[in-house]
Amino acid sequence: MTISIKPSQDHPDVSIVMPCRNEEAHIAQCIQSVLDQDYPADNYELLIVDGMSDDQTRKIVHDNFGNTENIRVIDNPARTTPHALNAGIKNARGQIIMIMGAHAHYASDYVSKCVKSLLSTDADNVGGICRVLCDDKNLLHRSIAAALSSPFGVGNSYFRIGTAERRYVDTVFGGCYRKEIFEKIGLFDTDLLRGQDTEFNARLRKNGGKILLDPQIVSAYVARDTLKKLVKMEWQYGYFKPLVIKKVGGLFTLRQTVPPAFVLTLGILLVTSFFSLLSFYILLSLLLLYLSVNIPASTSIALRKGIGQILFLPVIFAIIHFCWGTGFLAGTIDFILLSKESKEGLTDISLTR
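FYI, the numbering for the sequence shown is 1 to 353, going by UniProt numbering.
For the record, the hints were derived by calculation from the structure and aren't laboratory data.
Certain hints may be false.
As the list claims (entries may be wrong) - Here are the simulated lysine-lysine pairs, DSS-like style, with alpha carbons at most 27 angstroms apart: (1) K90 - K184; (2) K116 - K206; (3) K113 - K90; (4) K206 - K90.
Generate the whole structure from the sequences, applying the supplied hints.
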């Protein structure tokens with residue numbers, strides 16, 4: 001794939017927008033990784049858009065970074081990610097907008113490499129590889145991290161599974177944009193509590209924009225550390241996917257049809273198996289077929305990452321596939337069949353991955 005190269009430019013002003021809510025465990029390390037950037041400190045600002053955190057997040061920011069001139073804290077009373085992103089963009093002073101997550105850490109050259117790639121190519125959004133962090137002493141956490149960086153868990157999401165060369169993609173983690181792109185195609189859709197980046201990037205591509213994944217750009221985010229958190233996250237991402245599809249169209253790939261179709265088929269067979277022995281046998285066959293794929297995939301990862309992970313990986317993969325599929329079906333009912341626009345009662349979801 002040919003990537004057009006443009007002449008290099010000086011360091012433009014960058015505004016880093018960081019949605020945040022109840023991130024007391026990660027916020028200090030995240031901010032420090034931003035302050036440790038090799039990009040000139042006078043040329044970037046960090047906007048922490050806080051969703052009215054009720055833990056120690058704001059105190060940690062104030063006590064540790066309150067006197068840092070290029071950090072501003074902005075209130076986000078709506079408490080959702082798209083509202084946070086839009087508030088940050090509206091308050092941004094820089095020519096370039098960079099989206100960062102409070103649950104992540106960034107390499108010291110992250111900002112400079114994003115800006116360089118954005119200015120030296122014809123891309124309208126640039127991002128890099130996002131590695132998955134975990135507590136090395138926690139076997140479950142390590143297993144979740146391994147699943148979320150494997151093709152069986154996340155498909156062909158190159159920013160998660162990695163790539164050897166720069167390539168144009170559908171979306172990236174975070175993102176680095178010229179500010180005028182938001183003036184051209186609008187801000188993030190506030191109906192989408194999850195998937196707002198996917199919808200925005202689809203809108204960007206529909207308007208002729210290009211999204212570049214550069215493997216030299218590196219960040220890392222901390223994976224969910226419990227099965228309960230993983231269930232909630234995967235269900236939410238599945239739930240809002242039909243609304244994304246409804247808004248922009250053309251985002252439903254064959255790979256994405258498998259989890260909801262499988263869950264729906266199993267549900268139908270489970271009900272009919274009470275009345276039909278054939279349905280029971282088909283149901284059993286499908287479950288065995290799933291296990292015949294799940295177990296080898298889990299074993300392969302466990303042999304590379306740590307054999308103890310075989311205790312958790314089959315369950316974790318099942319959670320990823322079944323919860324995403326179930327969420328997708330629920331979203332299809334709400335957003336496609338019932339024509340709802342957004343979901344009440346989910347404004348307390350985490351503002352980070």
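Status of each hint after checking the structure:
1. K90 - K184: Holds. K90 to K184 sits at ~14 angstroms (cutoff 27 angstroms).
2. K116 - K206: At roughly 24 angstroms apart (the allowed maximum being 27 angstroms), K206 and K116 satisfy the hint.
3. K113 - K90: holds, 24 angstroms
4. K206 - K90: Given that 27 angstroms is the threshold and the Cα spacing comes to 23 angstroms, the pair holds.
In terms of the numbered hints stated before, the structure departs from none.
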